[in-house]
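Asker: Working from the sequences, and respecting the hints, build out all of it.
Going down the list, the sequences are from chains F and W.
The opening position of the first sequence corresponds to residue 1 in the numbering used here, with each subsequent residue numbered one higher.
The opening position of the second sequence corresponds to residue 1 in the numbering used here, with each subsequent residue numbered one higher.
It should be emphasised that the hints constitute simulated quantities derived from the structure, not laboratory data.
Hints may contain errors.
If you only want the chain F side, here are some residues facing chain W, beta carbon under 7 angstroms, derived [to be verified]:
#: 1; residue: K154
#: 2; residue: L165
#: 3; residue: F243
#: 4; residue: P390
#: 5; residue: D402
#: 6; residue: I419
#: 7; residue: R432
30 angstroms max Cα-Cα, derived DSSO-like pairs, lysine-lysine [to be verified]:
#: 8; chain 1: F; residue 1: K258; chain 2: F; residue 2: K492
#: 9; chain 1: W; residue 1: K348; chain 2: F; residue 2: K397
#: 10; chain 1: F; residue 1: K346; chain 2: W; residue 2: K39
#: 11; chain 1: W; residue 1: K4; chain 2: F; residue 2: K496
#: 12; chain 1: F; residue 1: K83; chain 2: F; residue 2: K220
#: 13; chain 1: W; residue 1: K368; chain 2: W; residue 2: K351
#: 14; chain 1: W; residue 1: K48; chain 2: F; residue 2: K397
#: 15; chain 1: F; residue 1: K340; chain 2: W; residue 2: K24
#: 16; chain 1: F; residue 1: K170; chain 2: W; residue 2: K4
#: 17; chain 1: W; residue 1: K348; chain 2: F; residue 2: K28
Pair by pair, the computed Cβ-Cβ distance ranges are [to be verified]:
#: 18; chain 1: W; residue 1: I57; chain 2: F; residue 2: R416; range: 22 to 28 angstroms
#: 19; chain 1: W; residue 1: T227; chain 2: F; residue 2: G414; range: 34 to 40 angstroms
#: 20; chain 1: W; residue 1: G293; chain 2: F; residue 2: G76; range: 37 to 43 angstroms
#: 21; chain 1: W; residue 1: L350; chain 2: F; residue 2: K156; range: 18 to 24 angstroms
#: 22; chain 1: F; residue 1: E85; chain 2: W; residue 2: S220; range: 49 to 55 angstroms
Think of the CB as a built atom: it goes at the ideal place given N, C-alpha and C, for glycine as much as any other residue.
Below, each chain spelled out in residue letters.
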Amino acid sequence: MAEYDVVVIGAGNGGLTGALTLAKAGRKVLLLERHNVPGGCATSFVRGRFEFEVALHQLSGMGSDERPGPLRSVLGELGVLDKLEFVEMENLYRVVWPDTLDIILHAERAAIIETLQQRFPKEKEAIPGFFELVYGFSMEMIQGVFFRDPAISKEKYPLFFKYALTPTQKILDGFFEDPLLKALLGIYWSYLGVPPSRMPFGDFAIMFFAYIEFKPYHLKGGSQSLSNALLDEFLMNGGEARFNCGAQKIDISNGRVKGVTTEHGDTVLTRYVLSNASILETYLNLMDPEEAPHNALEAYRSSTIGPSAFTIYMGFDCEPGDLGIQETTNFITTTTDMDKTFSLWKTLEQQDVALFTCYDVADPEFSPKGASQAAFVSLQYAEPWYLVPPHQYYDTKYRYADGMLKLAERVFPGIRDHIEEMEVATPMTHLRYLGHPGGAIYGFDQFAKDSAYFMTSTSPVQGLYFAGAWAGSGGFQPTLTSGRSSARAILKSMAKG
Amino acid sequence: MSLKDVLKDIEGYQEIGEEIAVLKKYGTDHSSQRGQVRKIIDLLHPGKLKLHVSEIIRETGSTKTFRMVSPDGYLPPFQAGQYINLVVETGGIVTSRDYSISSAPSQTAFYDITVRQIGEGFVSDYLLNDVKVGDEFQSSSPAGNFYYNPLIHGNDLVFLAGGSGITPFMSMIRETLSRGLDRRIHLIYGSLTPDDVIFGQELENLSRNHPNFNRTLVISNPPEGYTGRRGFITADLMKETLGEDISGKTYFICGPEAMYTFCEKELYRLGISRKKIRTEMYGPPKDVSEQPGWPASVGRDAIVTVSIKNGKSVQVRTTEPLMNSLERNGIVIPSLCRSGECSLCRTKLLKGRVFQPEGVRLRASDRKFGYIHPCMAYPLSDLEIQLSNAEFSGSQD
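Answerer: Okay, here's the thing in structure tokens:
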């Protein structure tokens with residue numbers, strides 16, 4: 001029977017970086033993926049002359065060659081940087097509320113402060129203070145937590161200890177009066193899927209800080225080019241990958257991983273499994289019920305399945321400028337009440353905040369010459385879609401998409417007439433391709449209680465490790481990083497024997 | 001003190017700990033959801049379908065409709081215009097073909113597929129001559145991107161059908177008319193002879209009973225004394241039959257290979273923009289060596305060797321799609337669209353060169369890293385490929 005040092009289940013971001021880290025360390029690795037391409041969320045699909053980016057909007061943590069961010073270092077160590085081309089985005093985002101607000105934040109601290117002070121003169125004094133807190137907090141968190149200062153204490157890192165778990169909304173309320181200003185500063189909350197009233201300030205501050213300092217990045221060829229580069233490097237390092245072939249079962253005996261049986265019915269021996277499937281799928285559907293660790297499952301009782309997404313992918317028969325699209329990242333909103341917006345994610349009612357990303361602004365070669373593409377996305381939970389009878393699914397999907405498109409048309413009138421190709425993805429689409437409960441794109445909900453301060457992704461099953469959003473937090477940078485961390489933990493365990 | 005212990009000093013930590021304690025008691029029991037994800041997916045997109053032939057309906061001298069039901073009574077929904085990939089085993093070879101569903105999506109009890117005898121149709125011969133009521137098949141769930149999108153296609157539609165290319169349109173027409181949807185459809189349907197017209201009587205009845213449905217038949221090879229329209233689907237014919245606002249309509253084309261290039265050119269002559277034209281993908285061309293870009297230096301029926309990494313080597317013809325050649329040799333790779341579009345068969349090319357006709361929809365980075373779609377890839381030299389479901393190498397060392 002074939003034997004591997006490690007079997008990696010799932011070729012998402014975490015599975016790919018995990019598999020590659022292990023292969024580079026000389027381990028014999030088998031990577032199983034049930035879909036026909038690597039990437040999970042980090043993928044693309046082709047319609048007509050367009051290749052649509054599925055999930056990546058703004059890559060965080062890259063930084064420049066001169067001032068590399070943490071993700072650039074990770075990708076550098078993995079040996080894939082020279083297979084990829086990155087484009088730095090000058091601006092963080094545009095927030096637009098038709099007839100109410102239209103503002104662009106440059107990805108630079110002083111420029112943001114200036115822009116905001118001009119638009120919100122009454123808040124002029126408070127604005128720099130807010131940024132001082134974001135920066136001060138982030139520096140403490142990097143120094144104290146990321147670099148693991150052994151002398152960490154409340155006295156040494158006062159901002160961190162005071163604000164890490166404070167709701168972001170509370171901080172915004174403390175600084176500002178104008179609800180518009182608060183809404184536009186906190187708009188990245190949709191990248192985490194948690195509204196400002198429930199998002200720990202620590203999560204917000206470090207994300208905001210990192211996007212400003214390391215800039216948002218676009219990846220030429222989209223996220224699929226990253227997935228393909230990681231896979232290529234994995235194969236060049238002797239890794240074996242199987243596509244159209246998921247794992248059926250992890251074989252366990254005496255609480256220790258023994259092997260993996262694939263969907264095709266063949267079994268391989270291994271003492272280590274790195275699962276990039278969701279923790280829940282791994283415990284519930286990839287193990288015999290009597291082998292599934294009851295206590296580990298119980299530990300997730302306090303966690304709930306996070307949001308999925310509803311996306312309209314549009315290929316235009318013209319260039320962005322012809323449609324009045326000047327920015328890559330456009331948050332469209334018609335509200336400042338983000339709690340209400342969050343509650344709408346659990347319904348099929350019309351959403352009032354959504355993100356319109358046009359990749360061709362940052363990268364004019366992204367779509368064919370003379371054409372362009374955009375993704376218009378709102379997060380949404382899968383539950384309301386469970387209640388749609390299957391034979392009404394397509395009608396419901398188009399009706400809902402029509403409402404979304406009308407929202408986009410308020411900012412970009414006339415885009416509908418230029419759509420040459422369109423695809424609509426609902427939470428059911430993500431559920432189908434990812435195989436995650438709820439089609440969740442960021443794993444579990446990421447409220448303060450679900451953070452790494454309280455939860456662990458360590459498994460009581462010997463030899464079983466996790467990578468990806470379910471084992472930490474969602475998004476490209478965290479999931480890419482998590483695969484490498486888990487792989488290192490496996491290597492450490494192997495070294496111990 | 002460990003980091004974890006120090007973190008307890010964060011303001012609010014205690015309260016959140018208490019919240020977690022309560023939730024541990026009353027929160028979500030995820031184990032109740034064992035198996036749920038698969039069940040939810042299977043309602044819309046099951047990986048495989050089991051189908052039984054419940055009826056065989058003769059449509060024309062060369063065409064039959066196979067009415068397919070599910071043994072468990074449930075068929076997933078589809079969008080009118082989509083197809084299923086039907087797996088067939090004939091002459092000792094396992095292969096598959098795509099057939100558009102001709103029944104309407106609102107008909108949830110069965111899928112109709114309508115099959116016409118074609119010249120050397122290895123699979124259509126088998127279906128038309130050998131298949132009986134009660135026979136069992138496996139298929140994909142419905143797939144494909146040739147369908148009406150209510151957000152962008154408007155409600156003034158022109159269907160250009162050639163021969164058995166009528167089948168996806170039949171589903172769209174039946175759906176629109178049976179549900180009373182607010183869409184106008186004009187079907188222009190080209191056939192070789194009047195006897196080849198499929199669904200002729202039904203189309204006539206529908207056009208008589210529904211003011212929002214018109215049909216124009218055009219016969220390219222009419223018998224003597226034929227009084228109807230003759231010829232092909234030309235710009236002039238469209239100008240004459242479609243009335244006002246020709247450029248505001250959305251055009252859908254489905255038919256034999258030659259029809260696409262012909263009709264598209266005619267539409268461009270009428271000033272129709274690219275985004276108003278939807279075309280169904282079609283499978284391997286009749287003669288790939290006539291495709292633009294085929295290297296003249298490669299013989300039409302030269303034989304080359306394809307080696308599968310960690311597997312066997314087989315001899316194949318340059319003018320047959322790699323997927324079909326592999327199937328002939330008992331090597332079945334996953335297939336769905338068989339038109340180069342869906343990427344299910346995505347395979348890594350390790351050595352050698354292939355020809356992939358224009359229109360094969362490869363991702364840019366797949367092209368860069370040497371992946372091909374074997375359903376529409378023709379070997380131009382000896383090849384080495386890596387199959388994603390090749391034998392494990394683990395036992396070899």
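Asker: Hint by hint, note whether the structure agrees.
Answerer: Against the structure, the hints come out as follows:
1. K154: 5 angstroms, holds
2. L165: Where the cut-off is 7 angstroms and the nearest Cβ of chain W is about 4 angstroms from L165 of chain F, the hint holds.
3. F243: For F243 of chain F, the interface hint holds, since the closest Cβ of chain W sits about 4 angstroms away, which is under 7 angstroms.
4. P390: With a minimum Cβ separation of about 5 angstroms from chain W (threshold 7 angstroms), the hint on P390 of chain F holds.
5. D402: 6 angstroms, holds
6. I419: Hint on I419 of chain F: holds, closest Cβ of chain W at ~5 angstroms, below 7 angstroms.
7. R432: R432 of chain F check passes; min Cβ-Cβ to chain W is 5 angstroms, inside 7 angstroms.
8. F:K258 to F:K492: 19 angstroms, holds
9. W:K348 to F:K397: 35 angstroms, violated
10. F:K346 to W:K39: 21 angstroms, holds
11. W:K4 to F:K496: The given pair, whose Cα atoms are some 24 angstroms apart, holds under the 30 angstroms limit.
12. F:K83 to F:K220: 11 angstroms, holds
13. W:K368 to W:K351: 14 angstroms, holds
14. W:K48 to F:K397: Given that 30 angstroms is the threshold and the Cα spacing comes to 23 angstroms, the pair holds.
15. F:K340 to W:K24: 27 angstroms, holds
16. F:K170 to W:K4: Answer holds: K170 of chain F to K4 of chain W is near 25 angstroms, not above 30 angstroms.
17. W:K348 to F:K28: 20 angstroms, holds
18. W:I57 to F:R416: 22 to 28 angstroms: For R416 of chain F against I57 of chain W, whose Cβ atoms are near 41 angstroms apart, the range 22 to 28 angstroms is violated.
19. W:T227 to F:G414: 34 to 40 angstroms: Since T227 of chain W and G414 of chain F have Cβ atoms about 47 angstroms apart, the given range 34 to 40 angstroms is violated.
20. W:G293 to F:G76: 37 to 43 angstroms: 39 angstroms, holds
21. W:L350 to F:K156: 18 to 24 angstroms: Cβ of L350 of chain W to Cβ of K156 of chain F: about 56 angstroms, so the range 18 to 24 angstroms is violated.
22. F:E85 to W:S220: 49 to 55 angstroms: 51 angstroms, holds
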